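These are the residues of each chain, in order.
Number of protein chains: 2
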Amino acid sequence: MSPTARRLSSIEEMVDARADFARRSRAVGLVATMGALHDGHRSLIERAAATCDEVVVSIFVNPLQFGNADDLRHYPRQIERDLEIASQSGATVVFTPTEEEMFPSGPPAVTVDPGPYATLLEGGSRPGHMRGVATIVAKLFNITRPDRTFFGEKDFEQLTLVRHLVSDLGFGLEVIAMPIVREVDGLAMSSRNARLSEAERIQATVLHRALRRGARIIEEGCRDLGELEREMATVVAREPEVALDYATARMSDDLSVPIRLEGSLRLLIAATVGPVRLIDNLAVER
Amino acid sequence: MSPTARRLSSIEEMVDARADFARRSRAVGLVATMGALHDGHRSLIERAAATCDEVVVSIFVNPLQFGNADDLRHYPRQIERDLEIASQSGATVVFTPTEEEMFPSGPPAVTVDPGPYATLLEGGSRPGHMRGVATIVAKLFNITRPDRTFFGEKDFEQLTLVRHLVSDLGFGLEVIAMPIVREVDGLAMSSRNARLSEAERIQATVLHRALRRGARIIEEGCRDLGELEREMATVVAREPEVALDYATARMSDDLSVPIRLEGSLRLLIAATVGPVRLIDNLAVER
Numbered sequence: 078m079s080p081t082a083r084r085l086s087s088i089e090e091m092v093d094a095r096a097d098f099a100r101r102s103r104a105v106g107l108v109a110t111m112g113a114l115h116d117g118h119r120s121l122i123e124r125a126a127a128t129c130d131e132v133v134v135s136i137f138v139n140p141l142q143f144g145n146a147d148d149l150r151h152y153p154r155q156i157e158r159d160l161e162i163a164s165q166s167g168a169t170v171v172f173t174p175t176e177e178e179m180f181p182s183g184p185p186a187v188t189v190d191p192g193p194y195a196t197l198l199e200g201g202s203r204p205g206h207m208r209g210v211a212t213i214v215a216k217l218f219n220i221t222r223p224d225r226t227f228f229g230e231k232d233f234e235q236l237t238l239v240r241h242l243v244s245d246l247g248f249g250l251e252v253i254a255m256p257i258v259r260e261v262d263g264l265a266m267s268s269r270n271a272r273l274s275e276a277e278r279i280q281a282t283v284l285h286r287a288l289r290r291g292a293r294i295i296e297e298g299c300r301d302l303g304e305l306e307r308e309m310a311t312v313v314a315r316e317p318e319v320a321l322d323y324a325t326a327r328m329s330d331d332l333s334v335p336i337r338l339e340g341s342l343r344l345l346i347a348a349t350v351g352p353v354r355l356i357d358n359l360a361v362e363r
Numbered sequence: 078m079s080p081t082a083r084r085l086s087s088i089e090e091m092v093d094a095r096a097d098f099a100r101r102s103r104a105v106g107l108v109a110t111m112g113a114l115h116d117g118h119r120s121l122i123e124r125a126a127a128t129c130d131e132v133v134v135s136i137f138v139n140p141l142q143f144g145n146a147d148d149l150r151h152y153p154r155q156i157e158r159d160l161e162i163a164s165q166s167g168a169t170v171v172f173t174p175t176e177e178e179m180f181p182s183g184p185p186a187v188t189v190d191p192g193p194y195a196t197l198l199e200g201g202s203r204p205g206h207m208r209g210v211a212t213i214v215a216k217l218f219n220i221t222r223p224d225r226t227f228f229g230e231k232d233f234e235q236l237t238l239v240r241h242l243v244s245d246l247g248f249g250l251e252v253i254a255m256p257i258v259r260e261v262d263g264l265a266m267s268s269r270n271a272r273l274s275e276a277e278r279i280q281a282t283v284l285h286r287a288l289r290r291g292a293r294i295i296e297e298g299c300r301d302l303g304e305l306e307r308e309m310a311t312v313v314a315r316e317p318e319v320a321l322d323y324a325t326a327r328m329s330d331d332l333s334v335p336i337r338l339e340g341s342l343r344l345l346i347a348a349t350v351g352p353v354r355l356i357d358n359l360a361v362e363r
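Residue numbers (this note's numbering), protein chains in the order written: chain Z, 78 to 363; chain F, 78 to 363.
Among the clues, some could well be false.
[Said to hold, decoys possible] The calculated label-pair distances, taken between Cβ atoms and stated as ranges, are: (1) Z:R154 x F:E176: 44 to 50 Å; (2) Z:R101 x F:D147: 50 to 56 Å; (3) F:A96 x Z:R259: 38 to 44 Å; (4) Z:E89 x F:L149: 55 to 61 Å.
[Unchecked claim] Reference listing, derived: stretches of chain F covered by chain Z, where coverage requires no fewer than 3 residues with Cβ under 8 Å from a Cβ of chain Z: (5) 189-203; (6) 235-243; (7) 338-351.
Since the hints were made in silico from the structure, they are not lab data. Computed from a predicted model, the values in this text were never measured in an experiment. C-beta atoms are modelled at their ideal positions from N, C-alpha and C, and glycine is treated no differently.
Could you put the whole structure together from the sequences, leaning on the hints where they help?
Given below as structure tokens:
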């Protein structure tokens, strides 16, 4: 029998549980999710369970981070299955607040400003997205007060933002990054993949192929960002049903633009495949 | 002999002290200050001491909230005297981080956006001020994790902002407001008063006189905001050395503009007297 996580649906219950953990000196890990859990989330929860006494998995489809009402409406929801996956992976608490509970007076007046990440890459393509992420993550940190929090590298800009949020605003907690979990053909796991048709599912592998092509030409000596971007775009163009948003390289610590393709780089890509926008990235050391 | 507060100058020491308070279930009160403590601060610290087991007084002249480098440079500093006042009033810890400690990489990239308070009243007159306040207060909350925090009503917009910061971002703590402490002639206590000449010190009482005049004409039946503002401005105009910034009324819960002068109102005033900008306010129930 798999262990069962406690489901808490109100902030008050969560705060009480947290206070109890504090009294018993239990180290708390937080895995913040929007549900529709897959093997990527599983790896975060398992890692948290291996290093913390209590593992809180939050499931909240955050309206603040959706610019597009359609994307919010279609975002997959499967709470019973999520509770099972979370429990099996080692969660001790699943925190599932309602929107009414999180934002009783509607959108908050005071928010967290993501600074440069508001307009960079994902921020640039999805106005308000990064502010929504920063605000909800700060609020979840305040409610659950984790000692450690676990984020996947798939949302690499989100991970970078969370690191800066934690250091700039003095949240005294450790941010643990976990590698992207991929399907056998290379597609990065994402809750959004469920919305792809069979044909689109195959086309979607072009994101990962473009990233590998980028990594290869850097290995072969390419030092020019424009050339790299053109090469990656050429790979994507071979799938006419896939609309590229960006394919580029950034410095991996703060996502600044590299003058030359040297040092610790991250290749990042975003494209729309059928009804969904997908993202992926790859580390390259040079 | 007066009890002696422990002085902690690093975030690490403060976080350790806070963890120790948590283990011993000590209720923690925070009084966030920029030093130059006066009787207004004293009332906050004494109130905190009466209701909390541990009282942290933070002293940090926050560069983020000064738009004007001159104002920052001239802001009064008197750390030895402050330690004595804090101790006498019941502080158990005085937290005095350096700027280097609080912002090791310079101004933070991720900040707290004060929303409407960015451009309202003080926010409008001092660009960046409210964002600087919101960001430092959030960081101090994260470092000291108070159960209760005590703010004076003198900085009424700051108090309103802090209330929204706490509810919107889910800081689980109680915000306690304390009344303005005044000199015998009505001047609101402020660290900036120390910079007034003898003549300016007398002129400065016009702020409080204008507020009282405003309260009186509302009592006498005035319901029109424009008329109220003109009357208050007329009082200030009698002191030709005093430059009025604003004299107005707002709804006291969120500082929205009243359609008619009814309900729970706050009269607010700001003016420059000699080298300093002073603010004051007064509650009016109608």
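Cut-off 8 Å, C-beta pairs, minimum 3 residues; does the coverage of the segment 189-203 of chain F by chain Z stand? Held - the segment 189-203 of chain F has 6 residues with a Cβ nearer than 8 Å to chain Z, which meets the minimum of three.
Using C-beta distances, would you say chain Z covers the segment 338-351 of chain F, given that this needs three or more residues below 8 Å? The restraint on the segment 338-351 of chain F is violated, since only 0 of its residues have a Cβ under 8 Å from chain Z and three are required.
Against the range 38 to 44 Å, how does the distance between the Cβ atoms of A96 of chain F and R259 of chain Z compare: consistent or not? holds, 39 Å
Assuming the hint says 50 to 56 Å, is it satisfied by the Cβ distance from R101 of chain Z to D147 of chain F or not? Distance hint for R101 of chain Z, D147 of chain F holds at roughly 52 Å.
Outcome, coverage hint (the segment 235-243 of chain F, chain Z; C-beta under 8 Å; three residues): With 3 residues close enough to chain Z, the hint holds.
The hint says 55 to 61 Å between E89 of chain Z and L149 of chain F; measuring C-beta to C-beta, is that right? violated, 41 Å
Range hint compliance [Cβ, R154 of chain Z to E176 of chain F, 44 to 50 Å]: holds, 46 Å
In summary, the structure is inconsistent with hints 4, 7 from the numbered list given earlier, while agreeing with the others.
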